[in-house]
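Peer 1: Starting from the known structure of chain P, arrange chain E on it as the hints suggest.
Chain by chain, the residues:
Number of protein chains: 2
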Amino acid sequence: MKVLNQQFQIKYHYPVHFTTSLFDPANRALAHFLMEVDTRPEQHLLVVADTGLWHAQPALEDTLINYFHALLPHYRLYFVQIPAGEEAKNNPIYLEEILRSIDRHGLDRHSLVIGIGGGAVLDLAGYAAAIAHRGIRHIRIPTTVLSQNDSGVGVKNGINFLGKKNFLGTFAPPLAVFNDISLLHTLSDRHWCSGIAEAIKVALIKDADFFHWLETHAEVLLNRDTSAMEQLIYRCAALHLAHIASGDPFESGSSRPLDFGHWSAHKLEQMTDFSLTHGEAVAIGMAIDVLYSGKAGWLDEDSVHRILRLLEKLQFSLYHPLLEEETLLEGLREFREHLGGELTIMLLRAIGTGDNTHTMDHHLIQQCIADLRETSDLHI
Amino acid sequence: MKVLNQQFQIKYHYPVHFTTSLFDPANRALAHFLMEVDTRPEQHLLVVADTGLWHAQPALEDTLINYFHALLPHYRLYFVQIPAGEEAKNNPIYLEEILRSIDRHGLDRHSLVIGIGGGAVLDLAGYAAAIAHRGIRHIRIPTTVLSQNDSGVGVKNGINFLGKKNFLGTFAPPLAVFNDISLLHTLSDRHWCSGIAEAIKVALIKDADFFHWLETHAEVLLNRDTSAMEQLIYRCAALHLAHIASGDPFESGSSRPLDFGHWSAHKLEQMTDFSLTHGEAVAIGMAIDVLYSGKAGWLDEDSVHRILRLLEKLQFSLYHPLLEEETLLEGLREFREHLGGELTIMLLRAIGTGDNTHTMDHHLIQQCIADLRETSDLHI
Numbered sequence: 001m002k003v004l005n006q007q008f009q010i011k012y013h014y015p016v017h018f019t020t021s022l023f024d025p026a027n028r029a030l031a032h033f034l035m036e037v038d039t040r041p042e043q044h045l046l047v048v049a050d051t052g053l054w055h056a057q058p059a060l061e062d063t064l065i066n067y068f069h070a071l072l073p074h075y076r077l078y079f080v081q082i083p084a085g086e087e088a089k090n091n092p093i094y095l096e097e098i099l100r101s102i103d104r105h106g107l108d109r110h111s112l113v114i115g116i117g118g119g120a121v122l123d124l125a126g127y128a129a130a131i132a133h134r135g136i137r138h139i140r141i142p143t144t145v146l147s148q149n150d151s152g153v154g155v156k157n158g159i160n161f162l163g164k165k166n167f168l169g170t171f172a173p174p175l176a177v178f179n180d181i182s183l184l185h186t187l188s189d190r191h192w193c194s195g196i197a198e199a200i201k202v203a204l205i206k207d208a209d210f211f212h213w214l215e216t217h218a219e220v221l222l223n224r225d226t227s228a229m230e231q232l233i234y235r236c237a238a239l240h241l242a243h244i245a246s247g248d249p250f251e252s253g254s255s256r257p258l259d260f261g262h263w264s265a266h267k268l269e270q271m272t273d274f275s276l277t278h279g280e281a282v283a284i285g286m287a288i289d290v291l292y293s294g295k296a297g298w299l300d301e302d303s304v305h306r307i308l309r310l311l312e313k314l315q316f317s318l319y320h321p322l323l324e325e326e327t328l329l330e331g332l333r334e335f336r337e338h339l340g341g342e343l344t345i346m347l348l349r350a351i352g353t354g355d356n357t358h359t360m361d362h363h364l365i366q367q368c369i370a371d372l373r374e375t376s377d378l379h380i
Numbered sequence: 001m002k003v004l005n006q007q008f009q010i011k012y013h014y015p016v017h018f019t020t021s022l023f024d025p026a027n028r029a030l031a032h033f034l035m036e037v038d039t040r041p042e043q044h045l046l047v048v049a050d051t052g053l054w055h056a057q058p059a060l061e062d063t064l065i066n067y068f069h070a071l072l073p074h075y076r077l078y079f080v081q082i083p084a085g086e087e088a089k090n091n092p093i094y095l096e097e098i099l100r101s102i103d104r105h106g107l108d109r110h111s112l113v114i115g116i117g118g119g120a121v122l123d124l125a126g127y128a129a130a131i132a133h134r135g136i137r138h139i140r141i142p143t144t145v146l147s148q149n150d151s152g153v154g155v156k157n158g159i160n161f162l163g164k165k166n167f168l169g170t171f172a173p174p175l176a177v178f179n180d181i182s183l184l185h186t187l188s189d190r191h192w193c194s195g196i197a198e199a200i201k202v203a204l205i206k207d208a209d210f211f212h213w214l215e216t217h218a219e220v221l222l223n224r225d226t227s228a229m230e231q232l233i234y235r236c237a238a239l240h241l242a243h244i245a246s247g248d249p250f251e252s253g254s255s256r257p258l259d260f261g262h263w264s265a266h267k268l269e270q271m272t273d274f275s276l277t278h279g280e281a282v283a284i285g286m287a288i289d290v291l292y293s294g295k296a297g298w299l300d301e302d303s304v305h306r307i308l309r310l311l312e313k314l315q316f317s318l319y320h321p322l323l324e325e326e327t328l329l330e331g332l333r334e335f336r337e338h339l340g341g342e343l344t345i346m347l348l349r350a351i352g353t354g355d356n357t358h359t360m361d362h363h364l365i366q367q368c369i370a371d372l373r374e375t376s377d378l379h380i
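Heads up: the sequence lines are chains P and E, in that order.
Numbering follows my numbering, in which position 306 of the first sequence is assigned residue number 306; successive positions increment by one, without gaps.
Numbering follows my numbering, in which position 12 of the second sequence is assigned residue number 12; successive positions increment by one, without gaps.
So here's chain P without its partners, still in its complex pose (with noise of 0.2 Å):
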C-alpha cells in the first residue's frame, strides 16, 4: 500500500472599508479598489439588491448607475432585486433567480457579484456567488447595523433549508465590504436599535472598555447619533474580524465563541416564524445566558445586572411567551448540530470575558426564562 499526502495553502486577504455616499462619484473609494483588482476591458457587475432598501431609498440605482457611469464607463450592470429579511433565504426561487441572472449575462469567475442589503439579501447573494462556477467573486455593502457591524464582514454566507436556518451555505471570503453609514439613514428605530445587539454581544465577551463605551453612549445611539453609530460599527467589525483571523475561520472545530446567547436566539426566531428580529432574539438569548453565567456562579451578580440594564436601556423586550415552550431546548441540539462535535456554549466569567461550557442544565435555563418572565410582568 502506498499513500500520497496532498498539502496547500491558500491565503484570504479583503479589505472592509468605512465610509460614506459611496456612490457619490466624489467618493472614489469603490472606484479605486474595482480599478485596482480588475484590468478587463469590459466588465460584467450583478447587483443584488434588497427590495427594502430600493423602496426606501428610491433614487439609489440611478445613484449607482451614474457612479459607474462617470467612473467605470466599461462596466455594465445587471440588477436582481430580492425581499428583505428571512423570505431571502427561505424561498428557493431567489436564488434559482440570482443563479439565472449570472447565466443570462454570461458572468464568470472574475466577474462581480455585489450584494446590497440587510444580512438575509447578503447571506444570500454570497452563497449564489460561491457555488455558481465554483466562485464568483463578490462585493458585500450591508446597509443595516447588523450586517455592517457582524454578518456582513465575515466570511460566511447560506440559505435555509428543510426548514433549518442555514442549512445550505460555505465559507466564502469576500473580495471587499463597503461599509457605508449613509445607507443606514432610512432605517427604522427598530432595525437601527436591534443591530446594536451584536456589538453588546462582542463586547460582553471580547472588550469591557467597548461594553462601558455601550453604556455610556446607549442615549446617543438611541437618538440615532451617526458619529456613535460609527464608531460602533467600526469597533464591533474590527473585533469581530480580529476573532475570525486569529481563530478558526471556517469553523473546522466545534467552539462558536461569537455566537454567545445564540442557541437560544436562533430557535426563537424560528418560533416566531422570523416575527423577532435577529438582534431581538439574540438580546433575548443573551439575557438568559447572562442570567445562566450568574446562577451557575460563573458571573458576579452586579454584571449581571449591569448587562440586562443595558439592554432594557437600548429598548430591547427581553422575554417571549414562547420561551416557556420546551421547544426551546431543541435549540441546544441544532446549535451543536450545525457545527458538530461536543456541545460547547459560552458563558461569561466577566464583562468582556467567555468561557466554553459544554453541558446546560435545562432547570436553569428555566429558572433563567422564569426571572425574565417575572421582570417582564413588573414593566407592565
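Just so you know, these hints were derived from the structure itself, not from any lab.
It cannot be assumed that every hint is accurate.
Claimed, not checked - Estimated spans, in silico, between C-beta atoms of each pair: (1) ASN5/P <-> ARG333/E: 31 to 41 Å; (2) PRO92/E <-> HIS305/P: 20 to 30 Å; (3) GLU87/P <-> ILE93/E: 20 to 30 Å; (4) HIS32/E <-> LEU72/P: 50 to 60 Å; (5) THR226/E <-> SER246/P: 45 to 55 Å; (6) GLY106/P <-> LYS2/E: 33 to 43 Å; (7) ASP189/E <-> GLU36/P: 23 to 33 Å; (8) GLY106/E <-> GLU87/P: 25 to 35 Å; (9) LEU329/P <-> ARG100/E: 19 to 29 Å; (10) ALA31/P <-> THR357/E: 32 to 42 Å; (11) ARG100/E <-> GLY247/P: 25 to 35 Å.
Unchecked claim - Derived DSS-like pairs: lysine-lysine, alpha-carbon spacing no greater than 30 Å straight-line: (12) LYS165/E <-> LYS11/E; (13) LYS11/P <-> LYS11/E; (14) LYS206/P <-> LYS11/P; (15) LYS313/E <-> LYS165/P; (16) LYS11/P <-> LYS165/P; (17) LYS164/E <-> LYS164/P; (18) LYS165/P <-> LYS206/P; (19) LYS2/P <-> LYS11/E; (20) LYS2/E <-> LYS206/P; (21) LYS206/P <-> LYS164/P; (22) LYS206/P <-> LYS295/P; (23) LYS165/E <-> LYS11/P; (24) LYS11/E <-> LYS165/P; (25) LYS313/E <-> LYS295/E; (26) LYS206/P <-> LYS11/E; (27) LYS2/E <-> LYS11/P; (28) LYS165/E <-> LYS164/P.
No experiment lies behind these values; they were computed from the predicted model shown.
Don't be surprised by glycine CBs; every beta carbon is placed ideally from N, CA and C.
Peer 2: Quick look at chain E alone, frame taken from chain P:
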C-alpha cells in the same frame, strides 16, 4: 474613511491511499485512518453509492457493513444510491435526496459522507457534503480508472445546471481518498480503457518519461493487467496532486493546464448527450489540440504521430461526426467563461511540455478535424 484589512490562511491536508480490498477486515487502512481523525463515541456515516458499482458488485454493501461492524462498531451507516454517470449531476433530485438524508440522520460537520463510485457520483456527493452545514467532512472512494487517477484525487466538486456542465460547485478538499484497485475489476472494457485518456493527458503536459511508459505498456493495459494499471493510476494521481499543490489549487487565475484537450471534449460530451464517456471525449479533444499544436508549428510532426498512434493503440476513436458542427466552437467560449479572464488554452511544445495560447484559429481547428475525419475514413 477607514479601512480594516482582513487576512488569514487556511491549511489543507489530505492523504490519498492506494490499496486493494479496502473492505476486507484484514485491510486496516480505512479503519486506522478513521480512528485517527475521529474520536466520537458514536459516529454517523452516510454512504453515497454508485448504483452501477452496486449492481456490478452485489456483495459490496454487505462487505462494507461487515467491515464497520468488525472494526468500527460505533459507526452508524446510512446509504443513498445514485445512478452512475452524468444523470447524477443533471437531475437535481439526487442532490436533494442526499441533503434530505443528511438532515434525517442528523449528520453534522464532524460526521462523514463517503462517496463510492465514478467521477459523476463523487462530484455530486462532494458537492452535497460541501454545502450542507457549510461543509461536512467527506471521503472519496473512486471506483473507475478515470476517477482514481484524476478527478477523484482533486479538490473540485459540482453538478450541472441550466444545461451547463459543472455550473454549480465548490472547491472542497476531501478528508481523504482511498483508491482501491480491486474495485476496478468489474469495470467494462470501455470504461477501463477510456480512463487512460487522462493519464495520457497528464503525461503529455508534464512528463515525457511517463508518456514513454504508456507507449510501452499500452498492450498490457489493454489486456487489463492489474499491476500496470496500479502503476498508471499512482503515477497519474501523483502528477495531478503535485500540480494542484504547486499551482493555484482553487483556480483564482485563468489558466487551466490540467484541462488540456478539454475545451472541445466538454462541448462534445454535451453535444452527444454524454453518449461518449469523458475519457473518450478527452481523447478526441487531445487529438484536435495535438494536431493544432503541430499545425501551429509548436510541436514536431513525429511527436504528433506518436501521440495519435498511442491513442489509437488504446482503441480510442478520434473522430465524431458532431465535430463538424459550428456549435463545437462554442466550447471555446464556455471554457473561457467557466474560469473567467482571458481565453487560455494549453497546447504542446513537445511531449511532456505544455504551453498556453490565448487565441485559437477557427480555420486551423477545422483543418485538424478534417484530418481526423480522413484518418477515420481510412480505418473503415
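Peer 1: Can you give the numbers of the hints that this structure goes against, from lowest to highest?
Peer 2: Hints 2, 7, 15 are the ones this structure does not satisfy, whereas the remaining hints hold.
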